[in-house]
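Asks: Here are the chains, one letter per residue:
Number of protein chains: 2
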Amino acid sequence: MFSSWLTQLNRGLATPIGRVAPLIWGSLSRSLMLSSQRRVPELSSFVARTNTCGELRSSHLGQEVTLCGWIQYRRQNIFLVLRDFQGLVQVLIPQDESAASVKKVLCEAPLESVVRVSGTVVSRPLGQENPKMPTGEIEIKVKAAELLNSCKKLPFEIKDFVKKTEALRLQYRYLDLRSFQMQYNLRLRSQMVMKMREYLCGCHGFVDVETPTLFKRTPGGAKEFVIPSREPGKFYSLPQSPQQFKQLLMVGGLDRYFQVARCYRDEGSRPDRQPEFTQIDIEMSFVDQTGIRSLIEGLLQYSWPSDKGPVGVPFPSMTFAEALASYGTDKPDTRFGMKIVDVSDMLRNTGAGFLRDALSQPQGSAKAIRVPEGVEVLPVFPKANRNWNSPVAKVVMEEQGLGLIRRMETQEEDMVLLTAGEHKSVCSSLGKLRLECADLLEARGVVLRDPALFSFLWVVDFPLFLPKEENPRELVSAHHPFTAPHPSDIHLLHTQPEKVRSQHYDLVLNGNEIGGGSIRIHDAQLQRYILETLLKEDVRLLSHLLQALDSGAPPHGGIALGLDRLICLVTGASSIRDVIAFPKSFRGHDLLSSAPDFVPPEDLKPYHIQVSWPTDSGAEKNSLNQPQHPES
Amino acid sequence: MFSSWLTQLNRGLATPIGRVAPLIWGSLSRSLMLSSQRRVPELSSFVARTNTCGELRSSHLGQEVTLCGWIQYRRQNIFLVLRDFQGLVQVLIPQDESAASVKKVLCEAPLESVVRVSGTVVSRPLGQENPKMPTGEIEIKVKAAELLNSCKKLPFEIKDFVKKTEALRLQYRYLDLRSFQMQYNLRLRSQMVMKMREYLCGCHGFVDVETPTLFKRTPGGAKEFVIPSREPGKFYSLPQSPQQFKQLLMVGGLDRYFQVARCYRDEGSRPDRQPEFTQIDIEMSFVDQTGIRSLIEGLLQYSWPSDKGPVGVPFPSMTFAEALASYGTDKPDTRFGMKIVDVSDMLRNTGAGFLRDALSQPQGSAKAIRVPEGVEVLPVFPKANRNWNSPVAKVVMEEQGLGLIRRMETQEEDMVLLTAGEHKSVCSSLGKLRLECADLLEARGVVLRDPALFSFLWVVDFPLFLPKEENPRELVSAHHPFTAPHPSDIHLLHTQPEKVRSQHYDLVLNGNEIGGGSIRIHDAQLQRYILETLLKEDVRLLSHLLQALDSGAPPHGGIALGLDRLICLVTGASSIRDVIAFPKSFRGHDLLSSAPDFVPPEDLKPYHIQVSWPTDSGAEKNSLNQPQHPES
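Quick mapping for you: the protein sequence lines, in order, are chains A and B.
Residue numbers for the first sequence follow this note's numbering, beginning at 1 and rising by one.
Residue numbers for the second sequence follow this note's numbering, beginning at 1 and rising by one.
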């Protein structure tokens, strides 16, 4: 049973992603630590143990040790497996009469109780070594044992192979945290962030500056939580990022700023999003795009865990237009091909009416992707080199068949997906199909994306503005209004602002956006023109920023990396909730403490607010006295 | 003018505290960095300069450099002083016709404009060196110059000797940040925290874990900001500390946790307090008081800036009872004597009625402090060795005069302050008088507290409970309900809980509480007894914590250091606002962005709240359309 648990532990780490070399308790945190700090941290300083359970090896043979840990498992009242954050060790329960009290402690304590044991590190008898266990060559001959805390009620067994629902895991997070996977994720996160700090502070003179989280609501900040103050009607808000503050720090001559910044976004219920999240927030003066990109490439290279393979730099880059045309998205997963191919020219004179119609529209185009071995996956679709079963396809194949096959480099068993329409929507649809086909292919065992590959990509040259959804003749910022226009397009700002590209850049990893930033506007006049004339914003609300730009603002730029998402990709976790110690549920609840919760009206009085209860139902009001876990 | 500005800069740093060796632009950040990182950070990587202004020395002679900075000062269109975060450098404006365009740029740009210059590092002519300036041996012979941003409107001159009100400094914080003092404070803060991280992560295997700030209101959490959620009537709250989470991390087997944690406390208007503040938050398993104390002593020793002198360990410790009896406070300033002396025994049979009365009360006592040279300061008070001018004093002096003089070790010109009454209030009064006298003495030039001395002190053995103010027969936690009782006093818990001492400890520096922590209760039964029976709390609200303690919670303890206060004391800043980049005013306002601010009612709708406008006046409502700085 013990060994199967351990195997499960290892498998638990390796399975969901397939790219992590088998890891075992204890092997990891120390190796990461070593490479990062160039020293072995003392893990037993200041406490009532001499060693950790997981660090013991043959080199400790004969040593008298004191260990503290949790009773993981017990066999026949002879063996006991003790666990701490560093790993597992086997303990021999003494059987002689003189050690009856020790035996009693170790045999009577329920599993997951906390004990301290003292004894000698001895070799396991020949043939009883466990090569799967880092401590498998030794065991502890115990002389003294003390029960530090008895474990009473467990809502579920603490074994990784016992499948728990996520709601249960979140409600009893303190138990879930004892799993190898959660220990691994949180320790890797801590160590990777520490290396980032070394790189930024130690290698490049960045200053870690804390910026306020009690801020002022930004105009149109619909996703910002509000916090009532003690002044009637006045509210703070929790900022979505330290954007304004970091720019003001540049105006203040700080030169190089970074912060591991807590940010907030109220999006209601969104899967795999958190109302509070963390970003590595960076800003520099006198820098251009190339500078920021090199900085970030160096940062990731420096902080990357050594067991995840080296990070190659520089990262490739791609324009937004190219990303859209070839991958149908601004965050292409470049680990595999299946790029979108334009076939408009071949189909312009086709007999198929829908194609002719689509191609004659503005921005009209026909595009295709080739799904290798796609026939295996979606046999309902027509095969490229056989008879097509839709009338339109038949027309196309008859007329342009060979050309298409050649252009798409179609092989036997491949599938071609073809569509026509407005450029952006065609690309976008094929981009989504591309990813869905990749998932389907991999589910069938086709290796498409190397699980050990981390494919970084810069996406650049985004449009500065987008048409407003409600009124496409008005403009909104594609990212935020402080983004500088592309120097080559400045001349278009007054005539064709919709054509201006920006100095925004996104960092993409394996098809996920993990960072974004820009060179900012440092010229007050330009900033005012964009805010007032192009975006029709009320500039009074940003007057402090405009004033700052007029007070000797240096040219500056920066970036923010989404730490939760990055760590999620590095660890191969299936959700960002698995790299956060106490995440909220997808409905924004803390299932452990049941936050958010009702607050008595008298506690709201100092803040001059009252609850507007929904009028169509009094149900919510009644539930005041019945706190419940809505997700349990 | 330039040199006087520089002198002022230096004086500006040294004056308010007197203990900082004269420091100049550029000398500091690099020296701190060196000792901390054992490598020189590249300060000009990734950007459009080759060097910083402040780093240039004779060793750079002949080098072609490109610098970016602010025009600090210009003299006769011949010299210009350029400033960046690292310091100042003198630039020679070219006078020859061929460089007319360069001269134009450098002479026409307003002060505080941002320029880039390229040129050669040359020696200053003999006799023109400035030994007060780190770059004073060299100057830059400029060949090219570019105006990067012109400075238009400045609300005040950026010179440290121009006295600005704090409100103005906060409103234009981005200008205030350009001062040497703010640059110094923020950089020292960043570097000291970085060293703390090295010590905790690198030397002792701590894990940096981020805990949520969207939490649930704790029972009686009157100082917790509330955040409405999108569920009617339900609120998150901003926690005052990660206390519950860090204990749950220990239950989760994290073993060693730390976090530089943002915390929140809504206290309305309080001078020198901030609604959001930062603490170094630490928790360990299997630790006792001694362990935590050694850890913290090592932490401060390791992270202490080298130019502030070494930190001696271990720190002395004192019981709460002793601190009260000798210093009249739980945070004694041990940099100087003037301790409280009990003279009850000498006065028990005095002819002075008020003394007899006071001493016959329960806890009645008479105590005194000796103010050395106090006669100089408060000549209105009677002198110890002369005729006393109050009738009571006369009686006392006649009867016990010599004994008192001997007990108090009174010297010529000393003053003795004597009072009688209930022990605690007598001590407390004398404790306050002691500090006031020290201030008065120092204002008169008496050196009482060595300005270079950092006097750390542990205060221990606090009472576990205090009588409730409203009803002294009920108990409240002296600190928080998770604090473990002192092992020697456990037996009193059921009989005389008010006499039980706790395992709480405070860290005091120069009379300021800079940290506090405790060994926690890890036994669910004990925790329940204290919450339910002794404190009469509704345990349902903490059921998740009680359940966690019953699930194999290890013995654990921790501490939190107040980072803002600590950095304030280290830098010698006169207010914590001077060690925070963007602090709130004492009324809780961000004077830069004018937060908190009004929010349109429609933006409150998703949160199911509305403002309860005060009924006695409509004034606040009207001001909706007139945003103002109430403190300006």
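Keep in mind that the hints are not guaranteed to be accurate.
Same chains, same label: a pair holds when it works inside one copy or across any pair of copies.
What the hints assert, rightly or not - Simulated pairs of lysine to any residue, SDA-like, Cα-Cα distance not exceeding 25 Å: (1) Lys163 / Trp304; (2) Lys223 / Arg565; (3) Lys104 / Leu448; (4) Lys104 / Gln411; (5) Lys605 / Pro271; (6) Lys468 / Arg356; (7) Lys164 / Ser344; (8) Lys153 / Gln400; (9) Lys432 / Pro481; (10) Lys605 / Ser241; (11) Lys164 / Gly511; (12) Lys536 / Leu604; (13) Lys308 / Val105; (14) Lys143 / Pro372; (15) Lys104 / Ser241; (16) Lys536 / Pro601; (17) Lys308 / Asp439; (18) Lys143 / Leu435; (19) Lys605 / Thr615; (20) Lys152 / Leu546; (21) Lys499 / Ser113; (22) Lys152 / Leu534.
Because the hints were derived from the structure by calculation, they are not lab data.
Asks: Out of the numbered hints, which ones does the structure contradict?
Replies: Violated hints (numbers, rising): 1, 3, 4, 6, 7, 8, 9, 11, 13, 14, 15, 18, 21; every other hint is consistent with the structure.
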